[in-house]
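In order, the protein sequences belong to chains D and U.
Quick note: the first sequence uses my numbering, first residue 1, plus one each step.
Quick note: the second sequence uses my numbering, first residue 1, plus one each step.
Careful: at least some of the hints might be erroneous.
Stretch by stretch, here's where chain U covers chain D in the computed footprint (C-beta under 8 Å, at least three residues) [claimed, not checked]:
(1) 23-29
(2) 37-43
(3) 105-116
Here are the simulated SDA-like pairs of lysine to any residue, each with C-alpha atoms no more than 25 Å apart in a straight line [unchecked claim]:
(4) D:K37 with U:T65
(5) U:K52 with D:Q31
(6) D:K52 with D:T95
(7) D:K52 with D:G86
(8) U:K37 with D:G104
(9) U:K80 with D:A40
If you're looking for bench data, these hints aren't it; they were derived computationally from the structure.
Just so you know, these numbers come straight off a predicted model, no measurement behind them.
Here a beta-carbon is modelled for each residue, glycine too, at the ideal position from N, C-alpha and C.
Protein chains: 2
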Amino acid sequence: MTTAPALEDSTEQDCCTPAVTSVLDAQTAHQRARTFKALADPNRLRLLSIVKAGSLNGTCVCDLTEPLELGQPTVSHHLKILVDAGFLAREKRGTWAFYSMVPGALDAVTETLLGL
Amino acid sequence: MTTAPALEDSTEQDCCTPAVTSVLDAQTAHQRARTFKALADPNRLRLLSIVKAGSLNGTCVCDLTEPLELGQPTVSHHLKILVDAGFLAREKRGTWAFYSMVPGALDAVTETLLGL
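Just chain D, same shape as in the assembly (with noise of 0.2 Å):
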């Protein structure tokens, strides 16, 4: 997730349309709704609400199913976004996957946020 500034510089002033020259440019904007496409789903954010509560050293995918009523793979797919979208980190140790919050990423969001 990078935090590049909304507002473009333009070369060229019109004085009488000065929104036009401040559009979020075409890849950003699809940058930053990836990332909020992440948050965009129920079971998404109750994943990061239980992580972001649980352990600094990690919550367990066993601990993680039971809490949301959904199924492994279910519950799987759901973190596999949120890793994607850099929220959060997997770290398998022996037979199961722990999950954690990556430290700054829902900063990284508000940033994103303030800087439209």
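Once you've looked at the hints, dock chain U against the given chain D.
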């Protein structure tokens, strides 16, 4: 958009599964996911960016189609989602509708993130 506490108090403390008692409840998770879903689209992020950078008196819908290279119906569809999610306010003046940021709306999302 509310900023209800993410961590629910539990009357039953279970030392072995602390994360379970902290899970975001399903209803709150659904509400928050809907907010993030409104942000999970590149065109909506670009619209927010333009309106945020525009006049405090609002940006005419007639100035929102060209920078996004989208048709009026598509832009209106996205604007309605942003209004319904509480990010934009809509004011009709004569023929045109003008859109402005709802004060504090983005701040409320950042509080939601930090309160996960």
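How the hints compare with the structure:
no.: 1; hint: 23-29; in the structure: holds (count 4)
no.: 2; hint: 37-43; in the structure: holds (count 6)
no.: 3; hint: 105-116; in the structure: holds (count 6)
no.: 4; hint: D:K37 with U:T65; in the structure: 24 Å, holds
no.: 5; hint: U:K52 with D:Q31; in the structure: 19 Å, holds
no.: 6; hint: D:K52 with D:T95; in the structure: 22 Å, holds
no.: 7; hint: D:K52 with D:G86; in the structure: 14 Å, holds
no.: 8; hint: U:K37 with D:G104; in the structure: 22 Å, holds
no.: 9; hint: U:K80 with D:A40; in the structure: 18 Å, holds
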